[in-house]
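Trainee: Chain by chain, the residues run as shown.
There are 2 protein chains.
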Amino acid sequence: MLLLFSFIAGLISVISSIYFYLYVRKQAVGTPRMKEISDAIKEGAIAYLKREYKALAAVVIIIAIALYFFIGKETAIAYVFGSFCSALAGLIGMDVALKANVRTANAAKRGLNKAFSVGFYGGAVMGLTVVGLALMGICIVYYFFPNPELVLGFSFGASSLALFAKAGGGIYTKAADIGADLVGKIELNIPEDDPRNPAVIADNVGDNVGDVAGMGADLFDSYVASIVAAMILGTVYFKEMGALLPLILAAAGIFASIIGAYFVRARKNPSNSLNNGTYITCILFVIFSYLIINYLNISIGIFYALVSGLAVGIVIGLTSDYYTSTDKSPTLKTAEASKTGAAINILTGFSYGSISVLPPLIGIGIATIVSFYFAGLFGIAISSVGMLAITGMIVSADAYGPIVDNAKGIAEQSKLGKNVIRIADSLDEAGNTAKAITKGFAIGAAGLSVIALLSAYAEIVGIQVIDFMNPIVLTGALIGIALPPVFSALLILGVGKNAFRMVNEVRRQFKEIPGLLKGKAKPDYSKCVDIATKGALRELILPSSLAIIAPLVVGFVLGKYALGGFLVGSILSGLVFALMMANAGGLWDNAKKFIEEGNFGGKGSDAHKAAVIGDTVGDPFKDTAGPSINTFLVVMSLISSMFASLIAAHALIYS
Amino acid sequence: MLLLFSFIAGLISVISSIYFYLYVRKQAVGTPRMKEISDAIKEGAIAYLKREYKALAAVVIIIAIALYFFIGKETAIAYVFGSFCSALAGLIGMDVALKANVRTANAAKRGLNKAFSVGFYGGAVMGLTVVGLALMGICIVYYFFPNPELVLGFSFGASSLALFAKAGGGIYTKAADIGADLVGKIELNIPEDDPRNPAVIADNVGDNVGDVAGMGADLFDSYVASIVAAMILGTVYFKEMGALLPLILAAAGIFASIIGAYFVRARKNPSNSLNNGTYITCILFVIFSYLIINYLNISIGIFYALVSGLAVGIVIGLTSDYYTSTDKSPTLKTAEASKTGAAINILTGFSYGSISVLPPLIGIGIATIVSFYFAGLFGIAISSVGMLAITGMIVSADAYGPIVDNAKGIAEQSKLGKNVIRIADSLDEAGNTAKAITKGFAIGAAGLSVIALLSAYAEIVGIQVIDFMNPIVLTGALIGIALPPVFSALLILGVGKNAFRMVNEVRRQFKEIPGLLKGKAKPDYSKCVDIATKGALRELILPSSLAIIAPLVVGFVLGKYALGGFLVGSILSGLVFALMMANAGGLWDNAKKFIEEGNFGGKGSDAHKAAVIGDTVGDPFKDTAGPSINTFLVVMSLISSMFASLIAAHALIYS
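Quick note, the sequences are listed as chains P and H, same order.
FYI, in the working numbering the residues of the first sequence are 234 to 888.
FYI, in the working numbering the residues of the second sequence are 234 to 888.
Heads up, some of the hints might be wrong.
No distinction is drawn between identical chains; accordingly, a pair holds when it is met within one copy or between any pair of copies.
As the list claims (entries may be wrong) - Simulated crosslink set (EDC-like; lysine to aspartate or glutamate; CA at most 20 Å straight-line):
1. Lys572 <-> Glu420
2. Lys842 <-> Glu420
3. Lys418 <-> Asp839
The hints are simulated quantities; they were obtained by calculation from the structure and are not laboratory data.
Build the full structure now, drawing on both the sequences and the hints.
Mentor: If you want it as structure tokens, here you go:
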């Protein structure tokens, strides 16, 4: 009965997203030139997805076979199903984003309100699809395999897909970006987004690949992980009711998100509209969950745990906002530091990024204590469910960003006139703020989820303490803390190598295609997309193998206690690096924008050149490495939990 | 008897250092021009030390009074004595370094061997003074207060001094460096080390302040901390013998270092000579300690623990060497990346720096497991003693670096001719390699020491486990991991602010002193020294307060378990950041040097400009923030141990 209720909530979410989808689709595309640009982006995105999904399919099959033999049939099936659901959500999100961007640009001719609606409803399709498919998927798996530990497979499917989507998309998008800029802007002196540049479409595709599909897969992943962790711990303390409660609370969050999304209407300030939607969703969710907990006659402590998670989500979002906004001191000081050169700009941004990790970590700590105090280990898991329950609304607001960003680009390239571009600009600004907040939110959410997964791991493997006075545990932790920096370093080096390939291809096309620079011939866009995609997949092999192999090696060699320490270590340093990189990257980006607005010498000044270097350093920080760390942590936690029994039985030492 | 033996070892070390000191002093100073430069540096250094020691005296008195009231008379006395011994060692080391630099330059006229001897013996004075005074000091305190917990006060005195010397010196030296370069090289286009630049002496002083006095105080600090931690744990397991054993092993290390130092002779390659000295010291130390452990009839497990610590020290040194040498791939690839601009240079260096943390951390982990397996918690403390026992030799080789670096500068400024400069150059190169290895060694040593101190803390406060499944402990750890990045950020921002003051002063002097730029008037060197010193002390207030206040707040608010988690968290992230910053900084520096040797376009090329930006980012990483993290960790660990009983009794929650 309760399971059905949750399933229906997921279904309603998907139906609502179809409603929004149809709304977007029936809008007019606009001029033929707009259609042309939009088709080129779409073509590139399809090329990217085709290749990515082909590679993914191979990986999924191999892992599924391994899971079948080592863990069991059910886990293997759940795994394939999980990666399918996440891929489907990504596909739908990309599809609507590619439709919504050009239609938003066209709607901007009819004013801010109309354009905002098209952009936001486009985002809402992604948001509601993600949570809808995730919750339906979990319900289906749990219906057929009524044991939460088997649902881990579903979660692992989602997270291995997220690793590809987020890290691979991140390598792809930054390589395309750097490749387009280095040859186009710097060597040949043609403007940004110029259609003569063979990498321009790859670059546009990248925005969708990284920001829409990547972020969606990332939050799909955290969302599922937090629910599964809560189901496992819930079963321990409250039997079946404990497994169902997280599902019902997630359902409450979905209803709150749908209503919140309907309430989003553009008024004067699109940024406020988005924030209002989030606040309404939060308030509704608190009310709904209070009613549910009362109705089901469950301890009110669970409710407090839930609210503490939601509150810390907001704290983290506000911190990110403070450290990356152009009207706050960190960004202003970094912009000012650009006057003394690139090195000081980088040092200043890096420093503020480092300082910015403190408030979120204290917030997560307090949420952990509060939720544990009121509801034990299950409470910690519930607080992460509380934080992630509003994912539907968060992803909607986030996916809005790249849609209006693309819309702005299309408006500029199609020369839609000053007024339209001004509207697109103000839509875009709201998107940037939403994006910074979501990034912080995603990291915090993943943090709470992996802490909950850690408890689930300990529960499954049967350890009561993870004692750091034990040298084996400490050694696990020493290895664990090293991995997030090593993982991000591999991704960043991958971006560099892939950008190098792009640069060579763009140079080749300008040399070999006659008349390209003069605009008399068309560049081979899809070749660039193809190279960036292939390269990104290749650079992904090492870091993603690390995510899968490292916990298994630590577990089977040093045993289950060391693996516990390993997970703690990786979570701790992962949170630090993820927050630092995301916030420093955002800060450098906005410091550059602040200078471009005419401050400290404006565009073209020495300060601006210095700020551009800072921004380029920050790009792979905030768009590749930083946000991929979440997924990395979730994958390692899930691997550890799935192999927990095998490790406990077969580890070399201390098993 | 055994105590007396250790005391005498310390005394012999000091006597040997006096012997080396007299050797250095009796060498000829050289031409009047050389004397002039050397006097100016000395004058600046004295100005720096005067102001620093004045400020320090005030801080020491305040802290001593606080210790007197909160902890007890004995701790307060030991504290003052500890800071006195460390300050004395720093003073002697600086004095001999300032004498040895000019004499090394002069000796270079008579060939490599002679010059090498003067430079190395100058360094050996520092090395043997540090370990001699440290061991004598501990013996004296333990003689009067035969309780290892009271020796903690001595250790805290040494580490609060190290915080000033290392972090303050680091802010000072980088501010002087950047100030001299920005106005001199970039704005006015006069060469580096030009005597017309008012900041040039401040810059030269900085080399001694940061690299000689700072590194000496840092290793004095780690050396004492490792011995004290071992004494505390030893007393628990083996009564008085357990407290004495670390002292005797330290004595064995001192004898090995003295003999090793005598054996250092320049042959064709000064770098090999230094390394041979280190290897001889290691072998002798292993033999001596084996004999002692056999003679005293102590379990052979202790010996294995000792050797494991020594071995990991070497692993860490070699890792640093690999990641920062110009003939190895990381530095070469970073140099090559400079061709695509500053941003890619920085991203590449940052990535390799991040990867470089893995081998040392695995090494520390293995040493911890091995030593615990053979000798329990006491074994972990003994392994850190084993690593630090050869400190005498390590500091000797390290202090050699800035001496020959200064000698090279003096030789160039005094125009001693090509041949002499060539010799000074080859001396300097050997110094750079030694420096990179020592930096890694210092971080590893501090890491093992703070792990030992953590066990000592747990012992004193009476907790058996530090369990990360406990949310209070986890929260402590979440706050703990944030502090090393926040601390380094504060130092880096401090360097920026202080450099800004220097730039203004240098500009002012060029504007207000008539004829300065034409070389017709003398600049006011000491004013620059004074401003950099005052500024460094001011920028030190916030980070050093953080070191003292943070553990007390966590302890008294969240209790002794949370404080345990806090220490673990700070150790874990501290090691990552310290290693990453030290290695990335060294790597950028050498990538720049590699380009300056004529590769990838050589000096003045775009690649070189990019590499210079990377080097400037790396400067405060490797010379200010990175190496100060060690001391930061030791200070926090000692504070926690000293206030352990008070915290256990009075904490708000969970006491």
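Trainee: Taking the numbered hints from earlier one at a time, note which ones the structure violates and give those numbers from smallest to largest.
Mentor: Violated: none.
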